[in-house]
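Student: Residue numbers (this note's numbering), protein chains in the order written: chain A, 185 to 469; chain B, 185 to 469; chain C, 185 to 469; chain D, 185 to 469.
Honestly, the hints are just simulated from the structure, not real lab data. Honestly, I wouldn't trust all of these hints.
Because identical chains share one entry, a pair is satisfied inside a single copy or across any pair of copies.
Lysine-lysine pairs mimicking DSS-like chemistry, simulated, CA-CA at most 25 Å apart [stated by the list, open to error]:
#, residue 1, residue 2
1, Lys437, Lys253
2, Lys345, Lys332
3, Lys202, Lys267
4, Lys202, Lys242
The structure presented is a predicted model; accordingly, all values stated were derived computationally and were not measured.
Here's the letter readout for the chains.
4 protein chains.
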Amino acid sequence: MARVFDSMILLIDCPDRKGLVAAVSDFLYRNGANIVHADQHRDSELDLFLMRVEWDLKGFGLSADLFRKEFGPLAERFQMRWKMGESTKPLRAAIFCSKQDHCLSDLLYRHRAGELACEISMVVSNHEESSRLAGFYGVPFHHVSVDKGAQAEKKQLDLLKEHSVDLVVLARYMRILSPDFVSRYPQKIINVHHSFLPAFAGSKPYHQAFERGVKLIGATSHYVTEELDQGPIIEQDVARVSHRDRLDDLVEKGRDLEKTVLSRAVRWHVEHRILTYAKKTVVFD
Amino acid sequence: MARVFDSMILLIDCPDRKGLVAAVSDFLYRNGANIVHADQHRDSELDLFLMRVEWDLKGFGLSADLFRKEFGPLAERFQMRWKMGESTKPLRAAIFCSKQDHCLSDLLYRHRAGELACEISMVVSNHEESSRLAGFYGVPFHHVSVDKGAQAEKKQLDLLKEHSVDLVVLARYMRILSPDFVSRYPQKIINVHHSFLPAFAGSKPYHQAFERGVKLIGATSHYVTEELDQGPIIEQDVARVSHRDRLDDLVEKGRDLEKTVLSRAVRWHVEHRILTYAKKTVVFD
Amino acid sequence: MARVFDSMILLIDCPDRKGLVAAVSDFLYRNGANIVHADQHRDSELDLFLMRVEWDLKGFGLSADLFRKEFGPLAERFQMRWKMGESTKPLRAAIFCSKQDHCLSDLLYRHRAGELACEISMVVSNHEESSRLAGFYGVPFHHVSVDKGAQAEKKQLDLLKEHSVDLVVLARYMRILSPDFVSRYPQKIINVHHSFLPAFAGSKPYHQAFERGVKLIGATSHYVTEELDQGPIIEQDVARVSHRDRLDDLVEKGRDLEKTVLSRAVRWHVEHRILTYAKKTVVFD
Amino acid sequence: MARVFDSMILLIDCPDRKGLVAAVSDFLYRNGANIVHADQHRDSELDLFLMRVEWDLKGFGLSADLFRKEFGPLAERFQMRWKMGESTKPLRAAIFCSKQDHCLSDLLYRHRAGELACEISMVVSNHEESSRLAGFYGVPFHHVSVDKGAQAEKKQLDLLKEHSVDLVVLARYMRILSPDFVSRYPQKIINVHHSFLPAFAGSKPYHQAFERGVKLIGATSHYVTEELDQGPIIEQDVARVSHRDRLDDLVEKGRDLEKTVLSRAVRWHVEHRILTYAKKTVVFD
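Construct the entire structure; sequences and hints are all you get.
Tutor: Right, here's the structure in full:
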């Protein structure tokens with residue numbers, strides 16, 4: 185959603201207990217918060233309480249540091265896992281891509297149009313092709329050849345560290361990241377897979393879909409975990425296909441799906457709308 | 185959503201002010217409420233705050249009457265418009281229909297399947313045809329001939345009053361209710377119009393859509409107000425049509441849309457999910 | 185589509201060859217056919233030509249028997265696999281169901297509303313519950329207990345044979361048919377599976393979907409083959425779910441999808457719109 | 185659909201008459217055509233026959249000029265309105281835009297990706313902003329200030345003529361073309377309107393939609409005629425909105441719809457898939 189004010193966002197999950205909402209609301213009120221949106225939900229199966237609150241910074245009495253300090257004891261009392269975000273301190277994203285640049289192009293356009301509330305620190309690719317596109321949007325481009333294996337990842341990790349990157353977006357990046365890489369960015373790497381997971385995991389999903397004769401093709405964005413294509417799903421979408429669609433047409437229709445599900449995932453992540461638990465995500469949209 | 189516990193639901197809209205959420209949360213907490221879902225939203229254009237809270241009745245210390253009494257002063261302080269609902273006291277609905285019975289059939293089936301958390305007190309029709317269907321589902325049927333004009337409405341109103349009906353569902357009821365009738369059930373009459381309003385208001389919307397050559401046809405459920413087809417929209421949906429679809433095919437595809445948007449509207453109304461303001465609805469889904 | 189004239193329909197697939205369309209068109213023209221719809225398509229990968237032609241019977245010079253005799257040599261010349269259907273001789277369908285009757289109820293309603301151009305010869309169930317519903321729509325009901333294993337299938341097969349049934353619709357029928365049964369009705373048994381195949385094949389697909397945290401749930405209608413859930417897919421559809429949906433809500437939302445994909449499959453089958461080849465279907469919609 | 189062979193396409197509409205398909209098929213066969221797709225449809229209400237045929241040029245005996253000459257008498261006999269297209273002679277399109285460039289950017293990307301089977305001869309704008317974007321994709325850019333009224337249109341028309349432009353795409357071009365301009369490009373100007381027509385015609389459709397409280401917003405692509413927003417509709421699509429969406433959010437969601445419906449319209453037009461009749465379009469997709 186387009187932003188019209190500066191805000192702070194709090195994401196919480198914890199064991200369900202009476203008084204949770206009252207305690208958090210009271211804490212915010214005492215510190216001058218004016219709540220703009222809030223969404224609370226109890227997962228009765230897991231006995232878990234999930235919450236997202238966003239408030240206007242105007243009149244709010246705590247800096248981010250003070251907030252963390254003051255909120256800590258309350259969080260501890262309720263055994264909360266929690267994250268806090270500030271619209272004034274946008275996350276710093278790096279986009280990884282390979283030869284295909286439709287997702288990259290879409291993300292850069294949306295970012296420039298103000299749809300993605302983050303900074304795009306860099307584009308990283310194992311091919312030179314996207315350099316021109318990154319340049320058009322004024323984003324630094326880094327070519328990292330993957331021929332050299334572990335050395336390539338080291339170079340990528342150095343770049344991320346050097347620029348304090350918070351989020352890695354795999355925009356049809358066709359290489360598999362090592363478990364070590366993944367473990368350094370838990371719930372901070374978003375990938376797009378070109379199928380409706382869990383159908384057609386692995387390679388060549390459009391070929392698989394074509395062979396099977398499905399009537400809808402899909403795409404899935406998800407957090408990357410060590411198990412390939414098994415991370416928590418963030419968003420999915422589908423499009424209708426028919427016998428008139430050849431394999432190439434599936435690939436073409438799929439591009440639009442990939443753009444949609446990846447850009448939504450990035451948007452939700454940078455707006456602090458996503459909680460993960462039990463291998464799933466909750467999206468407070 | 186399928187119900188797994190008894191709950192109370194509070195719907196609020198009021199001028200935006202700090203401390204609102206804290207005050208309500210605190211009130212609920214002090215009375216032993218365990219919040220199951222809550223959704224709060226500020227409409228920044230109208231400077232309005234909208235809220236829906238639902239809590240488990242287990243351990244809650246107030247009866248409905250006591251709640252109303254105790255909550256009153258708080259509501260007044262914040263200038264709230266508010267409504268309270270109880271899952272243990274389902275609304276009592278009457279379904280009005282004419283010859284076409286697809287919406288009626290759909291509503292009765294869903295009710296029996298447990299999808300609609302209300303009682304269906306009666307079916308009222310200006311035709312005899314639906315008597316058998318109502319009978320199949322064990323719902324009382326009343327034939328009210330509309331030939332007699334004002335007398336017919338009087339009879340309908342008497343029936344509604346006699347059975348303490350809270351909600352009138354116009355399931356393709358093809359007569360226009362008088363302003364007097366409508367004024368007695370404000371935001372308590374739901375109609376389905378067979379077009380994507382505001383396109384094709386008035387009569388024969390499928391004919392109009394066919395003539396215009398639209399590529400999607402639609403249906404709309406809305407609260408009935410004195411202005412025909414102008415009430416607050418609750419739900420809309422569309423379906424794709426092509427040159428292969430004749431007028432009859434539009435009518436046929438439209439039936440599925442009508443069932444969908446009407447049944448959703450009824451469900452949301454009886455689950456106390458709908459607020460109306462500024463000629464619009466807010467649906468807390 | 186609603187029918188407004190009597191027609192004959194021809195479905196063809198054969199190796200691609202020049203002159204095919206001309207030969208068929210010429211044959212029809214010489215016999216007085218007035219073509220109402222026709223759709224031809226070359227599958228360039230398999231070098232296959234697929235065709236559906238429907239013509240108005242008014243003025244057509246051949247009876248069904250004569251058509252078969254006269255068209256035979258032409259078909260042979262082009263190595264066609266072909267089927268012919270007549271709108272005046274609707275297929276005879278049997279609906280199999282178990283306890284859940286949402287698909288059954290939907291099919292019976294649609295049939296009565298004129299949406300399904302077939303006869304419904306009987307409802308067969310391993311439970312007594314649906315007897316009343318079948319009765320309401322005036323369709324003969326047969327209870328066949330499955331406790332007796334092979335004997336039950338024999339009884340079912342006898343019923344189908346006795347009433348010259350052309351199509352078996354498994355409307356959430358929860359038993360697996362034997363390979364022998366299946367082989368007797370090739371491409372004549374339609375099933376609905378409550379997932380977006382190939383995801384979540386097998387049992388308890390909603391549980392699987394819930395566990396995996398998908399953002400869309402689906403349903404699939406397909407022809408039954410000897411391999412469970414592997415037959416040619418006819419139709420699929422999906423609906424959005426969120427963290428607010430519990431497992432029961434998935435089941436509930438899924439019911440609407442199941443009704444949609446199954447009723448479309450039945451409609452297309454009885455209107456002779458479906459060809460199968462290479463484990464897939466072509467639907468001429 | 186991605187193109188894998190060179191083809192000729194024939195679009196026909198004419199009064200319905202027996203022998204039409206046979207005559208056309210026979211004509212094509214005698215000249216060596218191998219049909220790839222064909223779609224024929226009778227509009228029973230208007231007693232009109234509509235047809236699209238596409239055939240592989242390999243082995244086809246007629247040049248375009250010869251085809252026109254030879255096909256003429258047949259066309260006359262059946263009173264056909266017809267158009268012929270060649271995949272080897274792509275149409276030449278000009279894109280008009282104003283300040284907003286999301287549709288322009290989308291069209292240029294899709295063109296480069298091979299999704300639009302036309303040449304893009306130029307971008308014409310009343311603002312300088314899009315010059316850089318056009319340059320990035322190597323498309324000539326012309327700034328035509330509209331301050332000078334009629335003179336501006338003259339300049340635009342000169343440009344179109346000079347470059348033999350066949351199709352004018354109004355990609356959120358915010359000026360109204362004069363009737364004279366429109367009459368020179370009948371069924372050759374495609375516009376995108378940011379509402380679900382006929383709802384919210386005219387100016388500020390998102391404002392209108394927001395005021396009315398619709399639950400779905402839409403976009404429409406259509407041929408431009410002399411009556412504003414009244415031309416034959418080519419494609420429409422919708423997206424769901426809720427109370428959480430402010431006016432700006434509607435505008436943002438709308439951008440994706442506009443890109444979708446405009447790019448589809450352009451694609452179908454340049455692939456010769458669209459017939460217009462009775463103020464409607466037929467899209468052979």
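Student: Now tell me, hint by hint, if it's right for this structure.
Tutor: Consistency of the hints with the structure:
1. Taking CA atoms no more than 25 Å apart as the test, lysine 437 paired with lysine 253 passes in neither setting, with 49 Å inside one copy and 39 Å between copies.
2. Taking CA atoms no more than 25 Å apart as the test, lysine 345 paired with lysine 332 passes inside one copy only; the shortest distance there is 20 Å, against 55 Å between copies.
3. For the homomeric pair lysine 202 and lysine 267, the shortest alpha-carbon distances inside one copy (21 Å) and between copies (23 Å) are both at most 25 Å.
4. Within a single copy, lysine 202 and lysine 242 get their C-alpha atoms only as close as 30 Å, which misses the 25 Å cut-off; across copies the closest is 11 Å, which meets it.
The structure shown violates just one earlier hint, number 1.
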